[in-house]
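Chain residues, written in single-letter form:
2 protein chains.
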Amino acid sequence: MKYDNQIKQWLKENRARGARLLQILVRENSTRGNESSTQALVIEKCRQLGLALDIWEIGGAELKNHPAYCCDRKSFDGNPNLVAVLKGTGGGKSIILNGHIDVVPVGDESSWKHDPFSGMIECGKLYGRGATDMKGGNVALLMAIESLIANGIKLKGDVIFQSVIEEESGGAGTLAAVLRGYHADGAIIPEPTNMKLFPKQQGSMWFRITITGKAAHGGTRYEGVSAIEKSLFVIQRLQQLEKDRNEKITDPLFEKFPIPIPINIGKITSGEWPSSVPDTAIIEGRMGVSPEETIQAAQHEMESCLRELNEGDEWLRENPLNLEWFGGMWLPGSLGSDHPLMNELTNSFIEVKGAPPIVEASPWGTDGGILSTVGNTPVVVFGPGITETAHDANEHINLEDLFAASEIIALTLLKWCEVDE
Amino acid sequence: MKYDNQIKQWLKENRARGARLLQILVRENSTRGNESSTQALVIEKCRQLGLALDIWEIGGAELKNHPAYCCDRKSFDGNPNLVAVLKGTGGGKSIILNGHIDVVPVGDESSWKHDPFSGMIECGKLYGRGATDMKGGNVALLMAIESLIANGIKLKGDVIFQSVIEEESGGAGTLAAVLRGYHADGAIIPEPTNMKLFPKQQGSMWFRITITGKAAHGGTRYEGVSAIEKSLFVIQRLQQLEKDRNEKITDPLFEKFPIPIPINIGKITSGEWPSSVPDTAIIEGRMGVSPEETIQAAQHEMESCLRELNEGDEWLRENPLNLEWFGGMWLPGSLGSDHPLMNELTNSFIEVKGAPPIVEASPWGTDGGILSTVGNTPVVVFGPGITETAHDANEHINLEDLFAASEIIALTLLKWCEVDE
Numbered sequence: 001m002k003y004d005n006q007i008k009q010w011l012k013e014n015r016a017r018g019a020r021l022l023q024i025l026v027r028e029n030s031t032r033g034n035e036s037s038t039q040a041l042v043i044e045k046c047r048q049l050g051l052a053l054d055i056w057e058i059g060g061a062e063l064k065n066h067p068a069y070c071c072d073r074k075s076f077d078g079n080p081n082l083v084a085v086l087k088g089t090g091g092g093k094s095i096i097l098n099g100h101i102d103v104v105p106v107g108d109e110s111s112w113k114h115d116p117f118s119g120m121i122e123c124g125k126l127y128g129r130g131a132t133d134m135k136g137g138n139v140a141l142l143m144a145i146e147s148l149i150a151n152g153i154k155l156k157g158d159v160i161f162q163s164v165i166e167e168e169s170g171g172a173g174t175l176a177a178v179l180r181g182y183h184a185d186g187a188i189i190p191e192p193t194n195m196k197l198f199p200k201q202q203g204s205m206w207f208r209i210t211i212t213g214k215a216a217h218g219g220t221r222y223e224g225v226s227a228i229e230k231s232l233f234v235i236q237r238l239q240q241l242e243k244d245r246n247e248k249i250t251d252p253l254f255e256k257f258p259i260p261i262p263i264n265i266g267k268i269t270s271g272e273w274p275s276s277v278p279d280t281a282i283i284e285g286r287m288g289v290s291p292e293e294t295i296q297a298a299q300h301e302m303e304s305c306l307r308e309l310n311e312g313d314e315w316l317r318e319n320p321l322n323l324e325w326f327g328g329m330w331l332p333g334s335l336g337s338d339h340p341l342m343n344e345l346t347n348s349f350i351e352v353k354g355a356p357p358i359v360e361a362s363p364w365g366t367d368g369g370i371l372s373t374v375g376n377t378p379v380v381v382f383g384p385g386i387t388e389t390a391h392d393a394n395e396h397i398n399l400e401d402l403f404a405a406s407e408i409i410a411l412t413l414l415k416w417c418e419v420d421e
Numbered sequence: 001m002k003y004d005n006q007i008k009q010w011l012k013e014n015r016a017r018g019a020r021l022l023q024i025l026v027r028e029n030s031t032r033g034n035e036s037s038t039q040a041l042v043i044e045k046c047r048q049l050g051l052a053l054d055i056w057e058i059g060g061a062e063l064k065n066h067p068a069y070c071c072d073r074k075s076f077d078g079n080p081n082l083v084a085v086l087k088g089t090g091g092g093k094s095i096i097l098n099g100h101i102d103v104v105p106v107g108d109e110s111s112w113k114h115d116p117f118s119g120m121i122e123c124g125k126l127y128g129r130g131a132t133d134m135k136g137g138n139v140a141l142l143m144a145i146e147s148l149i150a151n152g153i154k155l156k157g158d159v160i161f162q163s164v165i166e167e168e169s170g171g172a173g174t175l176a177a178v179l180r181g182y183h184a185d186g187a188i189i190p191e192p193t194n195m196k197l198f199p200k201q202q203g204s205m206w207f208r209i210t211i212t213g214k215a216a217h218g219g220t221r222y223e224g225v226s227a228i229e230k231s232l233f234v235i236q237r238l239q240q241l242e243k244d245r246n247e248k249i250t251d252p253l254f255e256k257f258p259i260p261i262p263i264n265i266g267k268i269t270s271g272e273w274p275s276s277v278p279d280t281a282i283i284e285g286r287m288g289v290s291p292e293e294t295i296q297a298a299q300h301e302m303e304s305c306l307r308e309l310n311e312g313d314e315w316l317r318e319n320p321l322n323l324e325w326f327g328g329m330w331l332p333g334s335l336g337s338d339h340p341l342m343n344e345l346t347n348s349f350i351e352v353k354g355a356p357p358i359v360e361a362s363p364w365g366t367d368g369g370i371l372s373t374v375g376n377t378p379v380v381v382f383g384p385g386i387t388e389t390a391h392d393a394n395e396h397i398n399l400e401d402l403f404a405a406s407e408i409i410a411l412t413l414l415k416w417c418e419v420d421e
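Protein chains in written order, with full-length UniProt numbering: chain A, 1 to 421; chain B, 1 to 421.
Quick caveat, the hints were computed from the structure, so don't treat them as lab data.
Among the clues, some could well be false.
Stated by the list, open to error - Label pairs and their calculated CB-CB ranges:
#1 B/Gln-236 with A/Ser-111: 26 to 36 Å
#2 B/Lys-243 with A/Asn-194: 21 to 31 Å
#3 A/Arg-180 with B/Glu-223: 30 to 40 Å
#4 A/Gln-296 with B/Gln-296: 22 to 32 Å
#5 B/Glu-223 with A/Gly-90: 44 to 54 Å
#6 B/Thr-280 with A/Asp-4: 26 to 36 Å
#7 B/Ser-75 with A/Cys-123: 55 to 65 Å
#8 A/Ser-111 with B/Ser-75: 58 to 68 Å
#9 A/His-114 with B/Thr-280: 21 to 31 Å
#10 B/Tyr-222 with A/Ala-393: 39 to 49 Å
Note that beta-carbon positions come from the ideal geometry of N, C-alpha and C, so glycine has one too.
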């Protein structure tokens, strides 16, 4: 508790600098393939803080052949990953502070009140793509680190700050950092959780099912086999699978979620002509994965399900459903609610906010799945961003929350990594 | 019976000329908007036969405002309709011989064995787009008329030959001919019926249903309303409607058809992203119409059905299904199997083929619906083309059937219109 007030005081006095840092990060568009200019600002910030920099362009066979690698990006050239380490004096627990620098596209620009890259501040909210997801979280981390350095506090354990690319597209940046050897005794990822603590995260992956029918004229449609009618059976079976899978989820962290691990049918296309029987249908969707199961186990359940459909239907026996796992894949993550990192974060939260945090499981995947599953690093997802505005028009963050999160994280570092007196 | 053998003999001797006429018609591509060059060949043939020609470009307010007008074509300029009349001496029954000159596109050219416009003859079959649907039928008509003229036979009733555009797109050509004043005591349309007699024809029309949902992230899909899930309800309700409508069909002419008047769901598109809840779905299809009901009555049934769905669902009450009737519409047609025209055609058929014809209802619409419903002209659809090859690659016709149909039609004309001795 010795340094807590010092840290709090410093962070209070430096709010304007924190807001300014977020503003300059938001003003750079860092969509996929364009991360370099924002990353350069983060690198310069870390250099000024005197951190040990490791800057590299990800890639190579080890990464691309890894089972958790899920990425259709052709080249990472020119858009590096960054790891910046505040080396400890030894003996304390280490921590990874991980944030992604990539943002999703702005979408329909006409839905935005301001320029999506304005970084405009209005009534305590900072607006712009990435403000909430998750440059605001990244600034909370950097301000927490700076508060230690500025106050001359030395920690025993290493603080490993990671500014990674590719989170929005499946986590190749964090996977590359894990494969480069970075792991720690704990990790915090300040994704936009509305200040909730997420020790568990739903994983997910995308699937595509192709259904084959037989074309015919609509006036004699019984001479064909409608790929749309067969799709109905498939969708109904997937609805049943979703029901069965969710009935098994009893974790109280999920109790507020009507469907803890949804199977979302996001897209269907079939047919070209109103008066023809369609001979092909394509369904695409997202399958949620429980924190307590593996991607493989979940895939296996859907595969069995479709195999049953194929076996039970005369037409499908000859013209089987085709299942592909494509595009995004996010590993689930699971940490016990009584893990020491949860305890430290909770205590710091109470110290700053005066009440205990809400603890839940996240309804979406983060890089936490890779950090914990591949990197063997216990992860808590906790951040100041507003879940609802992520990926949406008029994305914004409450600066008050950013500063509170920064305090909570700084206080946690003091205890987790231990101060070297 | 006096002239029958003379006619049969002449048609037998002039088979090569008939095949040659079909060949030159097939060699001209007469897809929508390109009918003029083929129509020019038909006009010249009718001029040579000494028929009274009426050639005009369709259009005008009366046509376009008619409730049976269903056409999205911008211009008919340069692609005329033709009516060519063999004037009777008076006192006999008149007849319309109606054939359309437009053909559907060739589709995937690589699926054709020969050039789609080759008109190649192989083993008694003439190949090419339009050979069966329905230039072959048109040639059967023209050869029947020529056989009368060549043998100096005068009929009492008028023979009104019509070569119309736009059948494949909803019948604006035949509607224009009806509105120009052409009607008769009977009509034959030699669409490809496999030599069956169709006194009744299924009508049809296209519909589009737009379903509105509410977008959300797939990981919290319960926060949205899936337009795909709502589509499932709609499709299931339409399946029930199809069942209910078909249970009412007891006409023996339909007994071979598993579903006499199908509701075909030809197309569905919904969603843009696997991990989003889709907020819009569009279903397009074709609704079959019974020969004994009107287009309006059938539309009303579907409208009631969707209204029920809207009223019974909380979401749809606020976000109702939107139904449009768009694109094609083909009126149904119904003639009693004991109509005198059916009797004459049947007798002629037996005389030529030695056995009675198969009598059925057609599973698709023709211009017969407009001729009978709007033009008050009793219609039988009967022709030499092969139903299965219409609209398909390698479309072809058996020339033997073409000549037989021509004989049957010529003999029918002798009796229907009566010979003026």
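Against the structure, the hints:
1. Separation of B/Gln-236 from A/Ser-111 is about 35 Å and conforms to the stated range, judged on CB atoms against 26 to 36 Å.
2. Look at B/Lys-243 against A/Asn-194: about 49 Å separates their beta carbons, and that is not inside 21 to 31 Å.
3. For the pair A/Arg-180 and B/Glu-223, the beta carbons lie near 37 Å from each other, so the given range of 30 to 40 Å is met.
4. The supplied range of 22 to 32 Å is broken by A/Gln-296 and B/Gln-296, whose beta-carbon atoms lie about 57 Å from each other.
5. Distance hint check for B/Glu-223 and A/Gly-90: the Cβ-Cβ separation is about 48 Å, which falls inside the suggested range of 44 to 54 Å.
6. At about 53 Å, the CB distance of B/Thr-280 to A/Asp-4 disagrees with the hint of 26 to 36 Å.
7. A C-beta distance of roughly 58 Å is found between B/Ser-75 and A/Cys-123, which places it inside the suggested range of 55 to 65 Å.
8. Evaluation of the 58 to 68 Å hint for A/Ser-111 and B/Ser-75 yields a failure: the beta carbon distance comes to about 40 Å.
9. Taken as a hint, the range 21 to 31 Å holds for the pair A/His-114 and B/Thr-280, whose Cβ atoms sit roughly 27 Å apart.
10. As the Cβ distance of B/Tyr-222 to A/Ala-393 is approximately 22 Å, the hint placing it in 39 to 49 Å is violated.
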